[in-house]
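For the sequence shown, this note's numbering assigns the number 75 to the initial residue and increments by one for each residue that follows.
No lab work stands behind these hints: they were computed from the structure.
Remember, it's a predicted structure, so these values are computed and weren't measured experimentally.
There are no misleading hints in this set.
Pair by pair, the computed Cβ-Cβ distance ranges are: (1) Glu213 to Ser136: 25 to 31 Å; (2) Asp179 to Asp111: 15 to 21 Å; (3) Glu147 to Gln105: 27 to 33 Å.
Glycine is no exception: its CB is placed at the ideal position from the N, C-alpha and C atoms.
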Amino acid sequence: MKPAILFAALPFILLLARCDNKANHSPLEFQPGKSFDMSYQDTGTCSCGDLSITFRDVVEDSRCPTGAVCVWEGQARVQLDVQSEDGAQSIELVFQASRSSFDRDTVGSYAISLLDVSPHPREGQTIEKRDYRIRLMVEELP
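Using the sequences and the hints given, assemble the complete structure.
Following this line, the structure appears as C-alpha cells:
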C-alpha cells in the first residue's frame, strides 16, 4: 500500500519542485526611470535591450544595527556587474540613509543609482548574503 501512496503523491511533489524552481529563476526585467528590487546574485535586463545588471556582492555593511548606539551611522557597499553596449564592467555603489542624494555611477549611456539596501542590521543578528536585497534605478542619459 505504501508504494501506491508514494506513486500517487509523486506528481504533486514534482509539481511543487517545478514551481519552486520557476520562482527562483524568473527573469527580472526593469525599465529606465522606474525603481526595481534585486535579490543577491540576481541578474536583471533592461527593457531597452542593451543593459543588464547582476547584484554580485555585498562588499561592506557597517550600518548601525537597530537596537545599538553608534557614533557613525555606517554604510552598505554593493558590487554590481554591468553589461552594456560598451562592454562589461564592475561598479560599487554606497548606501547611507542620511544622504540627501543617492550614490550613482555612469555606465555607457545610463546612470545607475542605489536607492536602498535591506534588510537593515539588527543587534546580535547576522545577515546572510543570500538575504540581501537592493533597490536600484537606471536612467538614460541625454
